[in-house]
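*Asks:* One letter stands for each residue in the lines below.
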Amino acid sequence: MTPRTRKILEFVLDNLVWFMLLFVLAIFSIFVPNYFQLGIFANIIEASSVLGVMSIGLALVIITGHMDLSVESVAALGAMAVGILFCSAGIGMGLQLRPEWLMVPVSILVAVAVGGAVGLLNGVLIVKVRMNAFIITLAAYIWVRGLVVAVSGGRSAQDLAPAIRWFGIQRILGLPLTAWIAIACFVVFSLIMAKTPFGRHLVMIGGNETATFRAGIRVTRNLIIAFVLAGAIAGLAGWLLAVRTSGATANLGVGLLFNAFAAVVIGGVSLKGGVGSLSGVYAGVLLLSSINTAINLMGLPANFTQVIHGLLVLAAVLLDTLKQTIRQKLA
Amino acid sequence: MRRTLMSALGVLALAIAMLTPAWAQSKGTVYYMVPTLLDEFQTGSVGALEMFLKQVGYDVKTLNADNKTDAQQSQMNDVIALKPAAIILAAVDFNALKPSIEAARAAGIPVVEFDRQITSTPSDFTSVAGTVEIGYVAAEQAEKLLKEKHGSVKGKVLQVLGDPGDPYTLDIQKGFEEKMKAFPEVTIISHPAMQWEASNAGTIVADQLVANPDIDLIFNHAAHLSVAAVASLEAAGKKPGDVMMMSSNGAPVGLDLIRKGWLNVEVEQPLYAQAAAVAMFMDKVVNKQEIKAGEYDVIGLKGTLTVESWGPNIRLPGAAIDKSNVDNPAFWGNMKPPSDTVKAVE
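Protein chains in written order, with the working numbering: chain A, 262 to 592; chain B, 203 to 548.
Don't read these hints as lab results, they were simulated from the structure.
Keep in mind that this is a model prediction, so the values were computed, not measured.
Warning: the hint list may mix true and false statements.
Unchecked claim - Looking from chain A toward chain B, a few residues come up when the C-beta cut is under 10 Å (computed):
| no. | residue |
| --- | --- |
| 1 | Asn512 |
| 2 | Ile587 |
| 3 | Lys590 |
As the list claims (entries may be wrong) - Computed footprint of chain A on chain B; a stretch qualifies when at least three of its residues, placed anywhere within it, have a C-beta under 8 Å from a C-beta of chain A:
| no. | segment |
| --- | --- |
| 4 | 240-249 |
| 5 | 431-439 |
As the list claims (entries may be wrong) - Here are the in silico distance ranges between beta carbons for each label pair:
| no. | chain 1 | residue 1 | chain 2 | residue 2 | range |
| --- | --- | --- | --- | --- | --- |
| 6 | B | Thr506 | A | Leu370 | 43 to 49 Å |
| 7 | A | Leu370 | B | Lys538 | 55 to 61 Å |
| 8 | A | Leu283 | B | Trp512 | 51 to 57 Å |
| 9 | A | Phe284 | B | Pro519 | 49 to 55 Å |
| 10 | B | Ala283 | A | Ala400 | 24 to 30 Å |
| 11 | B | Trp512 | A | Leu358 | 54 to 60 Å |
| 12 | B | Pro519 | A | Leu358 | 44 to 50 Å |
| 13 | B | Pro519 | A | Gly414 | 25 to 31 Å |
C-beta: ideal position from N, C-alpha, C; glycine also.
Required output: the full structure, derived from the provided sequences and hints.
*Replies:* Written out as structure tokens, the structure is:
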């Protein structure tokens, strides 16, 4: 194998999930009626904004070799907090701030703070008290959703303040601002992961925590920050969810956790930690979203939708495994 | 020390004595097995059953199954061990709960089916609006709306179901599509919103608006799904009335959307009447007395009671709510519980 061929092959493997996405988009465009149009591609990007942002936080924690099962419930809590404060119907209190634009940063702050607080609690229990991340975040997944039901009483909040809702309606280049927020999050966090010592330390911790500690890196502090970030980002995802649905219901976001895990894994992040890039995760999110959209357009019998969705995710993961095998042979 | 202990026991005895009259007033405890508290109809049913059953002398304790069949089966087993006066069951899964109903009745505990009818095994009383019938009412309204728009019943309908694993939504779909079969010029596109999650409904509507811009009517199987559907319509630059929309269950959010002009019709499940009917017949159920077929006035609604192979079954008509009657306080979505008290049927 010539160095050039090897280089091309490595480039393809490094970005396989993007090629998978292009392949899937091409196939769907050919075979699914009405799929090939700008409006549908805009919908795919829009629909992936919440899942995308949530997946960033999850990926950060998984890269460190841990996991966070609470992100879905934390997003729901963030959405409900925003809904209760800034919605004017249902259980919404209709809080008004002057000038109106002030409601945007305040609502984001509320969602991010709520998520960050849960993330901090998770982080301290896992890193300082040395409890198992799976158990602690599973507990948080349950108690935080319970809290959402308790504070809402099972009722919903609707009619989000127009100043906040504006982000779900206003479009730039055909995409709503919520989608641009998600894209911006991916760019910012990709840069943090690739260009800052903090990002590199997270990858190192995931690769070998003990060696990283012996190298003088503050493992405990970085891990707690990763959990706080995962919570805060999940809170932001909740804010996007509230904007997208113009309010919050008690079951908002149910099922997102498993899609987020699927996106992270498809995106090439190793569940063992130490490997992965956020660019791949975004491609994974877009891939899932394009599959969902195809299912929506194909008019498949309702009962089979979940089966098809699951099988397509499985196919994507199998392809990713094939990629790892080829990479090992190249090494 | 001894004196202190004696005083404490004295206070305790006094407290128990004071509580006794309260116990004496209650005819017993009834357990309500609610399938989930994640939607407003179910949350509302808890309050309505507690209110009406208290009026006829029963205490109500509610257990939430969180939409999990196995959790509801375990709850049934636990409650059977407590020997309550009766169990009110709104089953997560219509068939899976059959053995639990049989076990409760074998233990001498009457079982009342609420909202979700189970016909595969006998129970002591059933109070339903009829999920298939909700589909029928929705179809009548769709027929009316499409005729008003096109002059004849034709066009494209997007049907947003709930979770495809939930028989409730499948029954509504069955009723709706059964009636709409009579109109071959109507195309129905059906998609499920997984786990009844609102943003899933929003995505379906957003995608379909692009793929089928000529959609005339959107029928969401729950009012909370309509909220997300409206958000998607708004994001697509639509104004109230551009696309007709209706949903079912009559939740407060649906009524708000009618007032704002986004929703044309909300098919109501008569929550208060369904709960009141349970209270009206609870004495007969608990005392295992005969329940006679006929028509009964249930807080102003005409309920038809029939004795079926699965037991006495009262069916209450679902109403179509539109702009003309949206403020009627009788609709549970207006959150104004009826002031009339329910009386037990003699």
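*Asks:* A separate judgement is required for each hint: does it hold in the structure or not?
*Replies:* How the hints compare with the structure:
{"no.": "1", "hint": "Asn512", "result": "holds (4 Å)"}
{"no.": "2", "hint": "Ile587", "result": "violated (34 Å)"}
{"no.": "3", "hint": "Lys590", "result": "violated (39 Å)"}
{"no.": "4", "hint": "240-249", "result": "holds (count 5)"}
{"no.": "5", "hint": "431-439", "result": "holds (count 4)"}
{"no.": "6", "hint": "Thr506(B) / Leu370(A): 43 to 49 Å", "result": "violated (55 Å)"}
{"no.": "7", "hint": "Leu370(A) / Lys538(B): 55 to 61 Å", "result": "violated (37 Å)"}
{"no.": "8", "hint": "Leu283(A) / Trp512(B): 51 to 57 Å", "result": "holds (56 Å)"}
{"no.": "9", "hint": "Phe284(A) / Pro519(B): 49 to 55 Å", "result": "holds (53 Å)"}
{"no.": "10", "hint": "Ala283(B) / Ala400(A): 24 to 30 Å", "result": "holds (28 Å)"}
{"no.": "11", "hint": "Trp512(B) / Leu358(A): 54 to 60 Å", "result": "holds (56 Å)"}
{"no.": "12", "hint": "Pro519(B) / Leu358(A): 44 to 50 Å", "result": "holds (46 Å)"}
{"no.": "13", "hint": "Pro519(B) / Gly414(A): 25 to 31 Å", "result": "holds (28 Å)"}
In summary, the numbered hints that this structure violates are 2, 3, 6 and 7.
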